[in-house]
Each structure stands twice: as structure tokens, then as C-alpha cells.
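Starting from the known structure of chain A, fit chain B onto it as the hints suggest.
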Amino acid sequence: MSWGFALLFVAACAFVAFAASALSGAMIIPVERALGRVRAHGRARIWLLFSFLPLFASVLVVVGAFGPWMGLTPDHCATHFEEHVHLCFGHQARSASLFLILPASALATRIAQRFLRAAERVLRARRVRGELLAVQTATVGDVHVLPLGEANAFVLGYWSPTLFVSRALLERPASEVEAVLAHERAHADRRDPLRRLVAFLALAFHLPGIADALERRIGVAQEMAADAHAAGQIGDPVRVAEALLTVARGQTAHRGHGAIPERIIELLNETPQYGGPPLRALFAGVAFAFMTVALGAGAVHHMLESALSFLGA
Amino acid sequence: MLGALEEAVLDHLWRVGEADVQETHRAVGAARKISVNTVGSALERLYKKELVGRKKVSHAYRYHPTMAEAELRAARVLAAVGGIRGLSREGILAAFVDLVGESDDHALDNLEMLIAERRAQGGKSKA
Chain A
1 MSWGFALLFV AACAFVAFAA SALSGAMIIP VERALGRVRA HGRARIWLLF
51 SFLPLFASVL VVVGAFGPWM GLTPDHCATH FEEHVHLCFG HQARSASLFL
101 ILPASALATR IAQRFLRAAE RVLRARRVRG ELLAVQTATV GDVHVLPLGE
151 ANAFVLGYWS PTLFVSRALL ERPASEVEAV LAHERAHADR RDPLRRLVAF
201 LALAFHLPGI ADALERRIGV AQEMAADAHA AGQIGDPVRV AEALLTVARG
251 QTAHRGHGAI PERIIELLNE TPQYGGPPLR ALFAGVAFAF MTVALGAGAV
301 HHMLESALSF LGA
Chain B
1 MLGALEEAVL DHLWRVGEAD VQETHRAVGA ARKISVNTVG SALERLYKKE
51 LVGRKKVSHA YRYHPTMAEA ELRAARVLAA VGGIRGLSRE GILAAFVDLV
101 GESDDHALDN LEMLIAERRA QGGKSKA
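Same order as they appear, the protein sequences are chains A and B. Letter by letter, the first sequence follows residues 1 to 313 of our numbering. Letter by letter, the second sequence follows residues 1 to 127 of our numbering.
Looking at chain A on its own, in the form it has when it is part of the complex (with noise of 0.2 Å):
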């Protein structure tokens, strides 16, 4: 493969990228307003979805790429000669504008830099959980007692979470601990952690601002879909409330931005929910509309290697 090729490939992966990621950023408010009455659980899976698209859009870019050299989209290259360049593993330009070396570099650092983070994060979770593990007081089924004086209570853990809490928590009263412990375990069964480090990745094709943006929306989405499952489990949603207010007053630090005013307000809204469609079904309708649009991929393909001349590729 030749540099130019794979300079032009990159950049190509990161226009499209960053233009699909304009465009969910674009899409934010409006689809926020529209997931206003569905469940917690039903955004949190619609706002991962988001965090994929710029991914799809770039996969979209192999397909056009290789799919020609692969017999798997027609071959239109001799029908352009030399009249744009060639975004085709089988007709590889030689030499690119150095001008792309902007967007492709901009992508390969994100994807390097999280991927490098993820990692860290996972190693870190490892080292984390043996320290905590090592200074824990009690264990009680499945639960961590640690000698900690801050109610509080977490899950640590990407594929099988270790549910933590303080030994202040257990003080409290018994119904205040059955809804933080079943919020908890809401988070474990669901392994929203690792969901959060899987977005995390995906997130490496959106643009800063706008990842950052759905990060936050998918762990407050996360946050509240526990909240819903304890309200659910222990069959009242003002009591999960009152847990949260009763532990967040107990916190020491009050600072930074967390989302307890709208959990709390979300546990208390009484406007009937509906659920969000399945992540399957999702996946599969996303899944779906790429496979058509990837039998048009030669017209999409020329289109952006039109836009690359444009740019001056």
C-alpha cells in the first residue's frame, strides 16, 4: 500500500467521520426533545447508538474502498480516469496533498490516544479493585464492606463488576441500603461500565465537543436507568429518591457537576415512560441502512472522492 493511498484513506475516514459526528451534534437537542418520555434505559442505549455513527460512516469508507478490489461494489474507476483521485485499494494514488495530513493525523491521534486510555483505565480498574480488595473489612454475599466514613457505594469492574460500599452506607437504614445496593447491581447486571468503555472507544471518531456531550448523556442515562430498576425492584421510586438526596447531603466535596437534581427529578416525574427500542434492534436497523446504503457505495464513493479533489487531494 502506498503512503499517498493510505494518507488519502485515513483523511477520507476522518472527513466523513468528523462530518457524521457535525451532524449527530446537530442532532443532539432535537433528539433529546424527542426521548423526553422514553425510559432511562431506552436513551442510554439511543445515545450508544449515536456514539457509533461516525464509526459506521467511516466503515462505509472501507466498503467504497475495498469493495471495488473485493468484487463486492462495482469497479467505476475507469469510467473517472484521472479527472479526480482514486479513493480505491486497486487503482492506490501515489502521492496525496500533504494538506491531509491535517484530518488523517487528527483522527489516527484520537483512535491512538483513546485506545491508549482505554487500556489504561482497564489496567487501572485491575490494580484499583486488588487495593480495595486488600483493605476491605467484610464481605456480605456479594458485597465489599470498606472501612470508609462517606456513604457511598460503587461497582468496579469492566466484564464481571465487584460491588463496593462503605462501611457508613451499612448504617444507615436498612431501606435507604436495599435501593443504593440495588441500584448497584443494576449497574453490574447491565455491565455499564464496560458499555461506558465501549463508547468510550466508538467516541474516538466523534468530534471533542460533541463526544464529550454524548459521554456525559450516556453515563446520566446509565445513572437513571439504575435508578429506575432499584425504584422498580423495591417498588418505590420516592424512597430510591430520598437514598440519593440522603447520600449526596452526606457527601464531604461539593463540587463539579453531577446529575442528582435530575435523577431525583426523573425518579419523581409521574408522566408515563416508554421503553426505548432493544440495543439488538438498533444495531440491526443501523446495520441494516448501512447495507443499503452500501449497495449504492460506488455513488457514495465517487461523491467523496469528488469532495477529496474539491479539498485539493
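Note that these hints are calculated values from the structure, not bench results. Certain hints may be false.
[Claimed, not checked] Residues from chain A shown here face chain B by an in silico Cβ test under 7 Å; the list is partial: (1) Val-128; (2) Arg-129; (3) Glu-131; (4) Val-135; (5) Leu-146; (6) Asn-152; (7) Val-155; (8) Leu-156; (9) Val-177; (10) Asp-192; (11) Ile-234; (12) Val-238; (13) Ala-241; (14) Glu-242; (15) Ile-264; (16) Leu-268.
Every residue, glycine too, gets a C-beta built ideally from N, C-alpha and C.
Below, chain B without anything else, positioned relative to chain A:
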């Protein structure tokens, strides 16, 4: 972070429950050949870090640890890795409560009123 002398002083307080500066000096300072004032300064630093409490008895303070040894060890492990909030921000763990908004006390008061209203209405289930 605790210095070696602060660690030794704290260890002593965990063993005996409470002590004044003179008693602490006899236990940990004399063998190190350091002055009573140095031990007093270590106790003062621990007091400022809220790791020991004190009460005045006659003319001298008597110091006692504010947290158990296991609690301090757990707190130090968590602090060393960034704390629950830090780890939550980085996506390493999912905490029940991670961050509370700045100057949120007023907002929390309002939420408490909302919860009380819902409780008074007997609200429970959600459609």
C-alpha cells in the same frame, strides 16, 4: 501524605486510645531523640489534617484518633488512586453518588421539599 513521625504518633494513639504530648513523646519521641516540641508539632499537623481530635484536660490537650486504622488505610488507598469521584469521572467505576453540583445545597433543599410533597401525596409507583 503522612510523614514517618506522624505515622508513628498515629500508631501510638491507635494503641492507647488517647494521650497528651508528654506521653506521646515518651512513647515515640524519646527513642528517636527528638524534642517534646517536635512531637507536639506532629500532633498539631495531624489535628489540622483532621486525623486526630483533642480535648483540653487541665492545661494540656489530650489527643485521640478520629478514624480507625482500617478506615485510614482504605481512605489512603482511595485517595492515592484518585478517590471515588476521580475514578468515576474517568469511567473506572460507577458510584451511586459521584459529583454533587457546586453550591448545590439550595438545590438539594428544594429537592427535599419535592420529595416530601410526593411522600405526602402517598406517591409510590410510576407508570
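Going through the hints against the structure:
{"no.": "1", "hint": "Val-128", "in the structure": "holds (5 Å)"}
{"no.": "2", "hint": "Arg-129", "in the structure": "violated (9 Å)"}
{"no.": "3", "hint": "Glu-131", "in the structure": "holds (5 Å)"}
{"no.": "4", "hint": "Val-135", "in the structure": "holds (4 Å)"}
{"no.": "5", "hint": "Leu-146", "in the structure": "holds (5 Å)"}
{"no.": "6", "hint": "Asn-152", "in the structure": "holds (6 Å)"}
{"no.": "7", "hint": "Val-155", "in the structure": "holds (5 Å)"}
{"no.": "8", "hint": "Leu-156", "in the structure": "holds (4 Å)"}
{"no.": "9", "hint": "Val-177", "in the structure": "violated (11 Å)"}
{"no.": "10", "hint": "Asp-192", "in the structure": "holds (6 Å)"}
{"no.": "11", "hint": "Ile-234", "in the structure": "violated (10 Å)"}
{"no.": "12", "hint": "Val-238", "in the structure": "holds (5 Å)"}
{"no.": "13", "hint": "Ala-241", "in the structure": "holds (5 Å)"}
{"no.": "14", "hint": "Glu-242", "in the structure": "holds (6 Å)"}
{"no.": "15", "hint": "Ile-264", "in the structure": "holds (5 Å)"}
{"no.": "16", "hint": "Leu-268", "in the structure": "holds (5 Å)"}
When held up to the earlier numbered hints, the structure conflicts with 2, 9, 11 and fits the remainder.
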